[in-house]
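**Q** Residue strings, one per chain:
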Amino acid sequence: MKRRDFIKASAVGAAAACGPEVALARPNLEPAENAVGMLFDSTLCVGCKACVSMCKEVNDMPPVIEGNNNTWDSARDLSPQTLNVIKVYKNGTAESKDKEIDGFCFEKRSCMHCVDPGCVSVCPVTAMRKDPVTGIVTYHADVCIGCRNCMVGCPYNVPQFEYEEAFGQIYKCQMCNQPGVERINNGQMTGCAEACPTGATLFGSRKELLKEAKRRLAMKEGEIYNFPRGDISKPDNYHEKAIPAYQQHIWGEKEAGGTNVMHISAIPFDKLGMPPLKERSSVSIAEGVQHGIYSYLALPAIALAGLSFVVRRNADHDDEGDDS
Amino acid sequence: MSAYKPLGGKFFTIPFIFFLVIFLISLYFIAERFIMGMGSVSNLNGGYAWGIWVVYDVVIGTAFACGGYAVAFSVYVFNKGKYHPLVRPAILTSLLGYALGGFGAFFDMGRWWQFYNIFLPGNWNFNSVLLEVGLCVALYIMVLMIEFSPVVLEKIGSKNLLKKLNKAMFFFIALGLVLPTMHQSSLGTLLIAMGHKVHPLWQTLHFQPLLAVISALTMGFSIVVFEASFSVVGFNRASETPLLKGLGKVIVGLLVAFLVTRFGLLILQGNISYLFKGDMASLLYVTETILFIVPIVILVSPERRANGGKLMMAAIAMLLAGALYRFNAFLVTLDPGPGYTYFPSVPEIMVTLGVISLEILVFMILVKTLPVLHREKHS
Numbered sequence: 001m002k003r004r005d006f007i008k009a010s011a012v013g014a015a016a017a018c019g020p021e022v023a024l025a026r027p028n029l030e031p032a033e034n035a036v037g038m039l040f041d042s043t044l045c046v047g048c049k050a051c052v053s054m055c056k057e058v059n060d061m062p063p064v065i066e067g068n069n070n071t072w073d074s075a076r077d078l079s080p081q082t083l084n085v086i087k088v089y090k091n092g093t094a095e096s097k098d099k100e101i102d103g104f105c106f107e108k109r110s111c112m113h114c115v116d117p118g119c120v121s122v123c124p125v126t127a128m129r130k131d132p133v134t135g136i137v138t139y140h141a142d143v144c145i146g147c148r149n150c151m152v153g154c155p156y157n158v159p160q161f162e163y164e165e166a167f168g169q170i171y172k173c174q175m176c177n178q179p180g181v182e183r184i185n186n187g188q189m190t191g192c193a194e195a196c197p198t199g200a201t202l203f204g205s206r207k208e209l210l211k212e213a214k215r216r217l218a219m220k221e222g223e224i225y226n227f228p229r230g231d232i233s234k235p236d237n238y239h240e241k242a243i244p245a246y247q248q249h250i251w252g253e254k255e256a257g258g259t260n261v262m263h264i265s266a267i268p269f270d271k272l273g274m275p276p277l278k279e280r281s282s283v284s285i286a287e288g289v290q291h292g293i294y295s296y297l298a299l300p301a302i303a304l305a306g307l308s309f310v311v312r313r314n315a316d317h318d319d320e321g322d323d324s
Numbered sequence: 325m326s327a328y329k330p331l332g333g334k335f336f337t338i339p340f341i342f343f344l345v346i347f348l349i350s351l352y353f354i355a356e357r358f359i360m361g362m363g364s365v366s367n368l369n370g371g372y373a374w375g376i377w378v379v380y381d382v383v384i385g386t387a388f389a390c391g392g393y394a395v396a397f398s399v400y401v402f403n404k405g406k407y408h409p410l411v412r413p414a415i416l417t418s419l420l421g422y423a424l425g426g427f428g429a430f431f432d433m434g435r436w437w438q439f440y441n442i443f444l445p446g447n448w449n450f451n452s453v454l455l456e457v458g459l460c461v462a463l464y465i466m467v468l469m470i471e472f473s474p475v476v477l478e479k480i481g482s483k484n485l486l487k488k489l490n491k492a493m494f495f496f497i498a499l500g501l502v503l504p505t506m507h508q509s510s511l512g513t514l515l516i517a518m519g520h521k522v523h524p525l526w527q528t529l530h531f532q533p534l535l536a537v538i539s540a541l542t543m544g545f546s547i548v549v550f551e552a553s554f555s556v557v558g559f560n561r562a563s564e565t566p567l568l569k570g571l572g573k574v575i576v577g578l579l580v581a582f583l584v585t586r587f588g589l590l591i592l593q594g595n596i597s598y599l600f601k602g603d604m605a606s607l608l609y610v611t612e613t614i615l616f617i618v619p620i621v622i623l624v625s626p627e628r629r630a631n632g633g634k635l636m637m638a639a640i641a642m643l644l645a646g647a648l649y650r651f652n653a654f655l656v657t658l659d660p661g662p663g664y665t666y667f668p669s670v671p672e673i674m675v676t677l678g679v680i681s682l683e684i685l686v687f688m689i690l691v692k693t694l695p696v697l698h699r700e701k702h703s
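Just so you know, the protein sequences line up as chains A and B, in that order. Here the numbering used here is used: the first residue of the first sequence is 1, the next is one more, and so on. Here the numbering used here is used: the first residue of the second sequence is 325, the next is one more, and so on.
Just chain B, same shape as in the assembly (with noise of 0.2 Å):
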């Protein structure tokens, strides 16, 4: 375990000093939120509940922070345990990435200091969807909590605790994997609900939380990806990397899975027509599916698997596909009705450009403190 180590180096470089501005700036609009409410500073209106806080920082973001749901999977499962040193860096930006997601959606909240009502169970209502998300994140919060502290414990030197939590983690891990295939398909089953504001080349119904599960996984399984891309090079390895060569096929399967899925029910739910109207929702259609498929075209062939600018190419397509995907079905071809239209304010896409800088920053301070980064050169 001591072949992790922390990175040390001094905090005030000019990529943290860039984040903290624009974080500081976010800060404003969010007091302002809070202090003339939300209409001062979003965009939101009667038809457009939903805008880019919950889109983006939610449905989005947790599904970017699923890199610690799919390292899981390749590591756990799939790869017998062998310990990979892209665990601790995983389970951090998940953990960072669900923690925010979570202050995103209660800067979101309306009534925000009666957030803690979702929590008491005699208000569940359990046919909401959104009960199941809300919960879910809550929890896995805290399981990604506990699958981080022994970063933390080794820092401390506790080593007792550390030993004892050890012998527990394989139960934690489980749960791991069970809670975001959980929450990140009901965050598909959301759109079930919305009904006909869904347009129809994304309202797959019964469908929506399966193609909501495959498109997190491969936002998740993008990380594992750019891993090898950056394996392949850093290393000179002529060779695909071994993690890559089972795992590819998986990630392929799924991809191929998802296309096949959505196209056949296009065809079988009778929406086919709405792919040749050559309107804008057409066109992000099929622009989503060529970043589906670019991807599977590199991880297919053993030759472009061992090739790291491909399987960077490979990596950025699967994050654009998964991210595309959720926020057209959501939000861009999303159509409540004659008399809304939506598009976010200048104050809320700073918000969320300073929720993401406070990631990057956590990250950065985080691992030049505590011992997340592999740093022994593979042997």
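With the rest of the complex left out, here is chain A (with noise of 0.2 Å):
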């Protein structure tokens, strides 16, 4: 008998245990519809920073001053005082720009705007939130507790916490929409789009940026191209220059269920120090995992009332023998 009871009991914890393997997850979120966005194409940047000057002006935070250097930002990876940062690859003798042996080229680190964000899935107090309409995620420092779980969770490292400071917060890109800046709602570009001299850095919608890319890329190399500045919608001006010998790789159009901010590069994206992400979003499936245990907290009330029925009876038993 006790057996018997016993494997019922366990039964039912393994089918609590093992729910998700019979549930299925669900399936990547979708782009919103009308998404904003912006392009980063890595063979335009030529590494000024004035996008990184202009993300601090906009945000209002401090350079990052780093010894007796204070002509520019020295910031070297994003931070609480950073939001987007420029950085460098270099390779041996670093001769030519956008090649992988002996080159260098820039890369852009800012929230890439995912479009089914880790932060938001993890955040367990809805603190990261991705805007409907927009696509665009935001921070809500208000119910946020700290736990730091988007930062764990967020597969770029892009939320940054404040240690520094007794009552700190999390810091990230917010696409220059945060409350009280509000660019985007305002009909405005991105900080760092208005700033770039060279339309490495183009703003606008998700789908406009993706078509422009796939453009890019299906030229040959060394045609000539007229690349936009500014916001796709109303380039502030044009410039001609050759096409790169380009990777045939949009990051962000696939990659755990795209970003609304992508790149284009030269140089292959893990070189640039991006993560080995596949096409699944990590959350989706913990997502899966979890609502397969907990959908109306079934599992967890046949257990409870399963291992209320067996506990009753065995203490019934305990509760004879001390009375006897």
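One or more hints might be untrue.
[Unchecked claim] One-sided and incomplete, this derived list gives chain B residues near chain A with beta-carbon spacing under 8 Å: (1) Gly370; (2) Ser452; (3) Leu454; (4) Ala517.
[To be verified] Label-pair restraints from in silico Cβ distances: (5) Thr611(B) / Glu66(A): 37 to 43 Å; (6) Met469(B) / Gly67(A): 52 to 58 Å; (7) Leu351(B) / Asn34(A): 50 to 56 Å; (8) Asn484(B) / Pro27(A): 34 to 40 Å; (9) Lys90(A) / Phe430(B): 43 to 49 Å.
[As the list claims (entries may be wrong)] Examples of chain A residues lying across from chain B (beta carbon under 10 Å, computed): (10) Asn59; (11) Pro63; (12) Cys123; (13) Met151; (14) Gln169; (15) Arg312.
Simulated from the structure, these hints should not be mistaken for lab results. All C-beta atoms, glycine included, are put in the ideal place defined by N, C-alpha and C.
With the hints as a guide, bring both chains together as one complex.
**A** Structure representation (structure tokens):
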């Protein structure tokens, strides 16, 4: 008898634990119809860091000063003081731009505004939200408890917690649309796209930017192309330049469900520090498992009922034993 | 019930003073953390947002505290509720382990002054695994308090309330079995969303909750095996303890299930090559596997089950196996990407040691003042 009880109880437990294997996980989230985003073309970036400077101006953040150099912002990576940074790739003699061997190039780091954002999925208190219209991922300090699961759940290590403050918060790029700035709502473009002199950072709708990226990748190396600058729907101006030897890869078209900020480059993205992501987003798997176990709390309720029954009967035996 | 008695005796023994000193040192750093910010005491950074305060104090500490969970399973489900002297000390260590896990989570919260936000339903994000962990752990701490409350009621002599409580206790015992199954498996689910940052030897995706709950039970059942080793030695018994006779098979079954699932997944998910890389990760994986095999070898044979020394070895291996599995998955082999490294700072380590010391101090005080331990010898 007792063995059978145990087997029954463990079957309930096993069902609760194995639920996810049977349950279907949800697919990746889809891009918002009118999502806004940016296209970063690494081959156009000259490393001037005007975008870094403009970002600090828009977000009212101080420059990062290294040593006695007060000439430019020396930020090396994202931090609570830096929401957007330009990094350099160098190999060997670093002679020529956009060459993987003995070459160099520049790469932008800022929030990718994921279509299926990890930070939004993992946040227990809904302090990370994705705007259903613009697709912009926003942060809300008023409810944030500082658990930092968003940092852990972000494939790109974008959210940054202010460890040095007693009352710190998370910082991340909110595409210049946070309350008090609201550049996108006011019909403006992001600060970094506006400041970029070469159009390496281009602002626009995700759809248009994806088309533009595909157009560039489809052209032959050496063909002359008129590269737009600023907002792709109303470019400030254009400049003519030969098409470089692009990698046939638009970062953010599909990675982990895609991103609203996309990158193209002449150098493979793993060399530029992009993470090894698959097309399926990790959080879509995690949510599938979680909802498989907890949908309507049915499995826990069944387990509780079964175990209550077994424990009660067994505990009754105990009472009888005590009384006699 | 009168078989439980307070130990009595003086508080300020040498071990007590030793743990008190460590705890006082940790208080200094905890104060510094609240005044100066986490950066002044910890080595946490943008890539490693969770250090030993989360991974040891919460992820491993609560699994160490699964003794109450495993003992309740053994006694109330498996052993037909037959009275067992292990229940009260196991519930107390679980209560302390979880309460201090909660305390650890609190001082690790970057925005601790708004910690209450997780309890406001309007904020809940039901997609968040951490929400389930947080709420479920909070609820379980309350259930453990209720499960422990007869000890206090006995002490103050509140017989009426005790009787009423005992009538409803079956429900809280059942809750005390369901809730740890829930949040201990969710601690594994947390790893899924961490995606590529988790080393392929530990990233089993859909199977994370199953492996996590088995690792929690492994650590919880080690208490039962520890106790068995003491009673084999202490009472000079030539044969295995009756409880272990049946339970031993269950524990072996769990451990085998863990190893088979994990190794099978390495092949199915195409990650087997990482095992033969000969790097630190593969070495750690092999170490964990050996730690899981040791208790299987010991518990599978009736002769070895009757050997106190061997049982002690099995219990220690089970504790280390579960702890190392979690530590490796969450921290040691975690790779958030280029540019980030983490090793805990001295203050971080001191705070964690202080939390462990506080747990021991409170345990020492409570067993001396409350009827927790079973004083009678087995007849």
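**Q** Would you mind marking each hint as holding or not holding in the structure?
**A** A quick look at each hint next to the structure:
Taking 8 Å as the C-beta contact cut-off toward chain A, the hint placing glycine 370(B) at the interface holds, the least distance being around 5 Å. Interface restraint check for serine 452(B): the shortest CB-CB distance to chain A comes to about 4 Å, inside 8 Å, so the restraint holds. The beta carbon of leucine 454(B) comes within 5 Å of a beta carbon in chain A, closer than 8 Å, and the hint placing it at the interface holds. The interface hint given for alanine 517(B) holds, since its Cβ lies 4 Å from the closest Cβ of chain A, which is under the 8 Å cut-off.
At about 42 Å, the beta-carbon gap between threonine 611(B) and glutamate 66(A) stays in the expected band of 37 to 43 Å. Separation of methionine 469(B) from glycine 67(A) is about 56 Å and conforms to the stated range, judged on CB atoms against 52 to 58 Å. Here the CB-CB span from leucine 351(B) to asparagine 34(A) is close to 54 Å, well matched to the stated 50 to 56 Å. Between asparagine 484(B) and proline 27(A), the C-beta spacing of about 57 Å breaks the proposed range 34 to 40 Å.
A hinted range of 43 to 49 Å for the beta carbons of lysine 90(A) and phenylalanine 430(B) is consistent with their spacing of about 44 Å. Because the closest C-beta pair between asparagine 59(A) and chain B is about 17 Å apart, greater than 10 Å, the hint is violated. At its closest, the beta carbon of proline 63(A) sits 18 Å from a beta carbon of chain B; the interface hint therefore is violated under the 10 Å criterion. Residue-level restraint check for cysteine 123(A) holds (minimum Cβ-Cβ distance to chain B is 6 Å; threshold 10 Å).
With its C-beta approaching chain B no nearer than about 4 Å, methionine 151(A) sits inside the 10 Å limit, and its interface hint holds. With a least beta-carbon distance of about 7 Å to chain B, the hint placing glutamine 169(A) at the interface is held under the 10 Å criterion. Taking 10 Å as the C-beta contact cut-off toward chain B, the hint placing arginine 312(A) at the interface holds, the least distance being around 4 Å.
Of the numbered hints stated above, those contradicted by the structure are hints 8, 10 and 11, listed in ascending order.
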